[in-house]
Amino acid sequence: DSACSRTRHPLLHAEGAGAGQPVSWSELHARGYPQRFLPSGPGTDDEDRAFVTVATTRPETYLGDTAVAVHPDDPRATALDGMAVELPLVGRTIPIIRDDYVVMPDFITGEDSGDAKAQMATGFLKVTPAHDPNDWEIGQRHFDTIKAKCSAGEVVINVMAPDASISPDHGWSDYEANGGAHSGAHVYVGLSREDARKKVVKEFEARDLLEAVKPHRHSVGHSYRSHVAIEPYLSDQWYVAVSDDRLVGFAQRALTADQRTTAEHRPQSADDAGDGSLRFYPDRYAKTYETWHDNLRDWCISRQLWWGHRIPVWHKRCQLTEENWHDQLVATGLDHVIQKANGPVAAWTDGAEGMAIAIVRTSDGKTHDLQKDSLQPVTSDTAAEYDIYVCTLGENDLEKHGFAQDPDVLDTWFSSALWPLNTMGWPEPEQSDQTAALLDVFNPTNVLCTAREIITLWVSRMVMFNRYFLSTDGGTTPGHVPFTDVFIHAMIQDGEGRKMSKSLGNGVDPLDIIHSHGTDAMRFTLCKMTTQTQDVRMPVEHDPATKRNTSPKFDEGRNFCTKLWNATRFALMNLEGAESRSTETVIFSDLTLTDRWMLSRLTRAVSAIDGAIGQYQFSVYAQTIYDLLWRDFCDWYLEAIKPTVKTAPGQQAVLRNTLDAILRLLHPICPFITETLGEAVAGVQTGDIQALDLGGPRDPATPLCVAAWPLAGKELLNDGAETTFERVQALVEAIRQARTSSSIPGRESLTLHAPQEILALADEAGGVVQTLAGLGEVRILDGEIEGPTLEVRFEGTSLLLSGFEQRVDDEALRGQLSDQIAKLEKDAGVLDKRLNNPGYVDKAPAHMVQETRDQRAAKQAEIDELRSRLEALA
RNA sequence: GGGCGCGUAGCUCAGCGGCGAGAGCAACCGCCUUACACGCGGUAGGUCCCCGGUUCGAAUCCGGGCGCGCCCACCA
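Number 880 marks the last residue of the first sequence (the numbering used here); no jumps.
Heads up, some of the hints might be wrong.
No farther apart than 25 angstroms at their CA atoms in a straight line, the calculated lysine-lysine pairs in the BS3-like style are these [to be verified]: (1) 505 <-> 569; (2) 839 <-> 849; (3) 322 <-> 406; (4) 508 <-> 569; (5) 220 <-> 208; (6) 322 <-> 372; (7) 829 <-> 839; (8) 220 <-> 204; (9) 505 <-> 293; (10) 505 <-> 553; (11) 569 <-> 652; (12) 372 <-> 153; (13) 220 <-> 205.
Simulated from the structure, these hints should not be mistaken for lab results. Quick caveat: nothing in here was measured; it's all calculated off a predicted structure.
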């Protein structure tokens, strides 16, 4: 397709690694070599010839220089306009050109830029298009000037062989053109780049043209694989013109409108399938995607590797003349394709005949336009060498006709970009029963879950290819996106914040964790670690016993799974041993406070979990189910119902259905343990709860993995029950605290003496306060109480506990009271400060100010009360 | 060089304008209470990195610093 082209371009190249390979940059201490070039031209004949100085760390590349550049604003540029310099030894004359890529040195601008480059710069840049990517660009910008004025008649002069030795065989015509004052550049031929560098420096020195040798620190790319310093080198590679609007534009416009930072890239029309339908989670990654596309360049897809998809292009170089032109192509069986061609290339879409052909004249790289003339040469000068490239799908016999397949393979991300398509049978989904309809069903899919660095490598390219190739009109109208949501997960690092890697040995193997903690425990912990942040740390410990790495992080997941197991075991024990059973539907209003509270908490959790999953907030999901099971269900609900559940069918129904709901909610995180427990729970029959919608009934034969998801019906949300139960919890905690501080064992059954309103609360809780606080009796506070008592402060009033042996130490009590008063006064001080601030009283919401006043009053009442008690004790 | 994230209890992390700043682990005290010691009850522990600003009010927003880290890099 025209989106692909074979292009000559300097790429970072390392012998043995090939072009376009990953490069790692490392800081090197190098030497800078300011070299003097002597200008030639009118008025340059005196003895004191002026010179321009260029600085380089790679002096040997001067052999390939074809220009010297100066910044247009440099005051010296005017005087040098139109002049040329002569390269010492090589004897080549090269023009001085103006280009604003050149860094203006500080000594010219008079500034102290603080930029190392500007400090080192001489203001003149030697331009070596064959051996530096930026120089290549300059060469392209000034192509005509250089072509005309460079004595070699070339813009690009390649002086190296692929192994980076100096060689005249790769596009260097004037290497021995000059004798006389110049010995000729051929003396360098055959030297390695390092040896050539030394020799060049020596020669410059001998001619008094070496200004200095300066230390210079800069980053140099090294091959990821072979670790040798990379050398930019001209080579022919296949490129995808991703900068074409049909690729980059389609990808840009796929991003949902509100995640766009620039208006120009907002989706153009909502009608175009896929426009605006791609969303990133968390939001910030949309910017990574957007920025990458804003600066996208064409993509080199050729890789010199032994594995991968072979590039499906066959090549033949031949002499084409007016006479044999037609026959050369007919002989290969290509003529009928060419006849049909409706453009410089044919489209892939015409099935087995899909074929693209390019005929390129080697002398100037021009492509023969098949649209203008499908077969016949236009002029007689066609008699020349041509490269014929054929890109084709499926079987062919091109090799019988002297064609050879491209030796390279596709960049792995090119192959990967096709993944949403070719795994679904594309381009011919109907070719087999297995692939029929797959594309329609699974493309687009909902969510792609991946890592940060994959956004550019893979996500972008899947979007581009999917939209381009699924276009129904050859790329005019974009196709849809391959997926709508992209979730970028956090990356796990070790305890020191380093990325886990095999070579460091600081990683953990999931299989080892499964071995030490269990699969569900690992899954739960990982889920809980998946916050919206970028990196999460996991302290890694080596276990000498198993010689494997593990992490204490997973203990939490293991403990949680154990807790679930035990809680379920306990619930089943009670349900199966229940004295009364019923399968009648339970009316909500008939339930106890504790049951209504539990159902309300459950409903709230379902709602929170739904919200979390919808936003890909997996940590919130895990945390919510953790608190629901451990805090609400185990710590409070199970403890509270112990005395009553065996005889209360309604409570049995709440217990069973709440547990059922918890197992369903947890199943995606902990599939194995919930499946096992779910089977047992499903086997217990109780009544349904009115308004509790588990999403569908379950019987033991239906696995949890296909069971419905509980629905968060608003009917079960009960603020009243939650508020009241919270008071119960506070009362229980106050009593427990008092007991612990006076060392009264939990075993001893105490009597609580309380005023009427607290009695009413305990009554409403139906015995739960007694159960949870270890009380035998709750009675009205009046008259004399036998034996020692212990005071419990609750909601600003005093309750008394009796029925224990020890005498409470008055001294200790006084200490406690004093501490409490001190704390209350500190709190009151904070509230006073707020209330004494006129800004707060005037501007803060009225209800908030009132709340503060109420709090202040309550504190004062409590302080007064405790003070009088303290006095009474004294 | 560019982009991004993070500095909150001893450790790993939540919270991201107003409830006395929370959880897990670790610590301390008491419990082998017949679901669970991978547990239960209780306690202690924090100039929310620093300096400014906005605000009645800042861990939370803005600006500047310091420190740590990740990703990308012929481009941003």
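Hints versus structure:
1. 505 <-> 569: Violated, because 32 angstroms separates the two Cα atoms, which is more than 25 angstroms.
2. 839 <-> 849: Given pair residue 839, residue 849 holds - Cα atoms ~15 angstroms apart, limit 25 angstroms.
3. 322 <-> 406: Distance ~11 angstroms between residue 322 and residue 406 Cα, so the pair holds.
4. 508 <-> 569: violated (34 angstroms)
5. 220 <-> 208: At roughly 15 angstroms apart (the allowed maximum being 25 angstroms), residue 208 and residue 220 satisfy the hint.
6. 322 <-> 372: The given pair, whose Cα atoms are some 16 angstroms apart, holds under the 25 angstroms limit.
7. 829 <-> 839: Judged against 25 angstroms, a Cα distance of about 16 angstroms means the pair holds.
8. 220 <-> 204: holds (15 angstroms)
9. 505 <-> 293: holds (23 angstroms)
10. 505 <-> 553: OK: residue 505 and residue 553 at ~21 angstroms, within 25 angstroms.
11. 569 <-> 652: holds (22 angstroms)
12. 372 <-> 153: holds (17 angstroms)
13. 220 <-> 205: holds (17 angstroms)
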